[in-house]
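Whole structure, please, built from the sequences with the hints as guidance.
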Amino acid sequence: MEDKVLLAHGSGGKLSHDLVEKSFLAKLGNPWLNMLDDSAILELSGRIAFTTDSYVVSPLFFPGGDIGRLAVCGTVNDLAMSGARPIYLSLSLIIEEGFPLSDLDKIVVSVQRTAKEAGVKVVTGDTKVVNRGSVDKLFINTAGVGFIPPGVNIAGSNAQPGDCIIVSGPVGNHGMAVMSQREGLEFSSLIESDCAPLNGLVGDMLKVCSSIHCLRDPTRGGLATSLNEFARQSQVGIIIEEAKIPVCQEVRAMCELLGLDPLHIANEGRLVAIVAGDDAESVLAKMRQNPRSRNANIIGQATAEHPGRVVMTTSFGTSRLIDMLVGDLLPRIC
Amino acid sequence: MRFVDEYRDPELAKKLVERIHRRSTMPISLMEFCGGHTVTVVKYGLRQLVPATVKMMSGPGCPVCVTDNSDLDSAIALTKLPGVIICTFGDMLKVPGSFSSLQQAKAEGSDIRIVYSTIDALEIARRNPSRPVIFIGIGFETTAPTIAASVLQAEKEGIRNYHVFSLGKLCPPVIKALLDKGEVRLDGIICPGHVSAIIGSHPYDFIPRDYGIACAISGFEPLDVLLCVDMLIAQIESCQPRVEIAYRRGVRAEGNRQALELMDVVFEACEARWRGIGVVPHSGLKLRKRYERFDADRVFPIDPGPTHEPKGCLCGEILRGVKRPTDCKLFRQVCSPEHPVGPCMVSYEGACSAYYLYGDAGGG
Amino acid sequence: MCLAIPAQVKYIEGIEAEVEVGGVRRRVSIYLTPEVKVGDYVLLHTGFAINVIDEDEAEQTIDLIRQLDEVR
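Protein chains in written order, with the working numbering: chain A, 1 to 334; chain B, 1 to 364; chain C, 1 to 72.
The reader is advised that the hints may include incorrect statements.
[Stated by the list, open to error] Sample of chain A residues with no beta-carbon within 10 angstroms of chain C, all distances over it, derived: (1) VAL135; (2) LYS137; (3) LEU257; (4) PRO307.
[To be verified] Capping the alpha-carbon separation at 30 angstroms, the derived lysine-lysine pairs in DSSO-like fashion look like this: (5) LYS207(A) <-> LYS286(A); (6) LYS43(B) <-> LYS329(B); (7) LYS137(A) <-> LYS106(B); (8) LYS15(B) <-> LYS244(A).
[Unchecked claim] Derived list of chain B stretches under chain C, where covered just means 3 residues or more per stretch with a C-beta under 8 angstroms from a C-beta of chain C: (9) 15-22; (10) 110-121; (11) 142-148; (12) 192-198; (13) 256-268.
If you're looking for bench data, these hints aren't it; they were derived computationally from the structure.
Beta carbons are placed, not taken as given, at the ideal position from N, Cα and C, and that holds for glycine.
Encoded structure:
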């Protein structure tokens, strides 16, 4: 077999079948996928959460993860943020002609491992191969469905004055791990992406508090953007304390070097939760039992003042506004 | 992080703030010349801590903000040259010129790459010997030596396709030009810390001598700025304006001789156009004749066409400290970081951007 | 303006050095600070060390501020 993906691999003929069998079924195989029918037939009832996302990260492999892991975590986490228990995923790939098969295999293995970790199954998929230059090596789209347990109502508009805001761990790791690999930046550090499925953690949190108000995973735009979204959707003000926001030393250092703010950097394995004031301590305690959220912390609260705006109390006791990220994160010299 | 965290200590800040309050008896106006200081002031809410007698204004110390539209338009025109690779610091990407921006040019197909260092730009030139590589050389005296170093290295290695579009500027001449305009009453200037690491303290001697204005060179951490404010108040209250170095760990009176020599070998001063201020003599940097083959201006002469200034944009007055971002009708209404009209909103340390992103939460 | 961060020199090779700040490392040029030694802290700007930090002065500055309310 060739060592590169060819246009013929996407044409539906024998080579396509070979690719599906060797690269996908061999690693992801399950009763639905193995049937190779046009659709996976599922039995679902109750409230279903349904989401989709596309993954175009570059580079494809970064410290702590790769596009395959990201593609599973991103969609699993979107479902978890609605309070859903993720069950099934679809997996679509658009591959650039000439893409190394060995890399494709690594990525699919990563998909399989992460899916297993999250307890989800990839039940349907698609592969397209396009001319060189039509995509940047590989793009992935995943869609997912999950069940929302009765009584769970999580939405960005649920925050109330007096609610507490909890973040599950240090922020900025994923974005800086990817950026450190960027051509021209070449910083060496031990920063690894925090990319991880959060459905287990959310399940634990719901066990101690079935009425969590809001959940979000602060991906693009970082914590600052998610908090602003909550403030606007719920029409509450949010006050956070700078000293309470966990940030790893290395992330802080790299942000200083590049002139970036950790609050605007993407995370792929963290969540921010808004819960009623009375529930905060018990939810926090439960979160801290999970190895992934040992450093979870209450960082602030919702208030009736300045609705729609997020204010941070600095370590100096002064206040400043925290706005969403605008545009792209660009390293600066001044 | 050593030499950073200690200068962010809130307890030590309290002591400085207390002393500032004790010492300050009369209303004074201080200009933080440098955009980095503006960021520190708003990020830590320093205006909320100093007494009402101390007014702090932002000046034209943001190399992105002061780049004139004609220069931006020229840089954008360079992106259209066949086969060219443009290397730029991230700061410049979104700044709007008369009709376009580097970001827009990139979207239209130009090969524009963000670099962290001139070293990276040189490496891109090495890897692409058949294509012209042009580095957009913005910055003040802090950055100029690094650009000079890259030109010397290119000469040493015989790299033929590396060029610099020199938009470098010098601080002391523009401070003088601002003071000569006499538009704002200034009692003291917070002088740029890292520019001074290169040029030392003597280039500012003319400020107290000829204008009677107090000067202190500040670092960029909040304690640095507070210490600098404290020093300026002491000078002003005792009517003894002079040049002091508050940033003693980073600045020596004689500056960095090696860096200054390198700058002098590669560059000569020329007149330069500053947004909002106009032409200031001896305030720009141009490559000397010996290095003309690295000078994009000479190697690729282009005519960017007539410039167009956006209506209602007050960036010029804001840069001179005459107006505040909140005085501009476009601020927040039309002009925002996602749809910037002028560079003061694009640059992270532009006054407008700093006000927009951080300001007014508690009167900052 | 002119973002520059204090970083510690870990080793030197010709006109380049590896520096470290907060656990992050990078290869940078010491062309502008040829006098630097391993262990020194430098101000890092766009991949160049632009000055060597005077550690004595740094300590003195902090001490000066610490002693402020002791001298009234």
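Check your understanding: What are the numbers of the hints the structure violates, in ascending order?
Key -> As far as the earlier hints go, only 3 is violated by this structure.
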